[in-house]
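Novice: The chain contents come next:
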Amino acid sequence: DAGVIQSPRHEVTEMGQEVTLRCKPISGHDYLFWYRQTMMRGLELLIYFNNNVPIDDSGMPEDRFSAKMPNASFSTLKIQPSEPRDSAVYFCASSLQGRYGYTFGSGTRLTVV
Amino acid sequence: RKEVEQDPGPFNVPEGATVAFNCTYSNSASQSFFWYRQDCRKEPKLLMSVYSSGNEDGRFTAQLNRASQYISLLIRDSKLSDSATYLCVVTNSGYALNFGKGTSLLVTP
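Here the protein sequences come in this chain order: A and B.
No gaps in the numbering here: position 72 of the first sequence is 72 in this note's numbering, and each next residue is one more.
No gaps in the numbering here: position 54 of the second sequence is 167 in this note's numbering, and each next residue is one more.
Calculated directly from the structure, the hints in this document are not laboratory data.
Ideal Cβ placement from N, Cα and C applies to all residues, glycine included.
Check before you lean on any hint, since a few could be wrong.
[Claimed, not checked] Computed footprint of chain A on chain B; a stretch qualifies when at least three of its residues, placed anywhere within it, have a C-beta under 8 angstroms from a C-beta of chain A:
| id | region |
| --- | --- |
| 1 | 156 to 165 |
| 2 | 198 to 209 |
| 3 | 212 to 222 |
Work out the full structure: start from the sequences and follow the hints.
Specialist: Below, the structure written as structure tokens:
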């Protein structure tokens, strides 16, 4: 099992640019979560999906953030336009039935300059 | 106020020591409780679930007090490899994890 795969591992971009983060969940997992981690706020839930359908996006900071899950094996988190305050580590996690064994990806470290 | 509160530490302890972390949560309807471990610049990993009756996994013991909305983690005979950040986590009616900001532990030789 390859685990949850995120890409890229690191992203440095200029303010105003579009950023797309990618996630491949564990095969068979029906829940997918996007989290953001900063020193100030810790780990925060942005959005989660069940069977590719967004269930709760109340954590998405503002309209600049959007997430999609076109199929069971792929999800994207897009920031457009990016701002320096979006700099953080973005984690994707997946789980089976939303209860046991949440598995996190290695994260994408985003720096917006 | 964050839903899950932890003392950020750092806790600096010598090898072999016993150390305890505490955590409080504000939502009395919280349903599931966990401790996660996060190494520097790595992803969080599940350490153990926490049950009302208390549970033990080797050197690690977790306790839950629903009346006081309080969770604890005890580590006995600390090892250098225990150095990490320990995250207290609760879930409510949904399936999303609510994380505390973590407690940093450094075990020294």
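Novice: All hints are to be evaluated individually against the structure, with a verdict given for each.
Specialist: Here's how the hints hold up against the structure:
Note: the region 156 to 165 of chain B has 4 residues with beta-carbon separation from chain A under 8 angstroms; the three-residue rule is met and the coverage holds. As drawn, the region 198 to 209 of chain B meets chain A at 4 residues by the rule of a beta-carbon pair under 8 angstroms; at three or more, the given contact holds. Proximity of the region 212 to 222 of chain B to chain A, defined as three or more residues with a beta carbon under 8 angstroms from a beta carbon of that chain, is established by the 4 residues found.
Against the hints set out earlier in the document, no violation occurs for any number.
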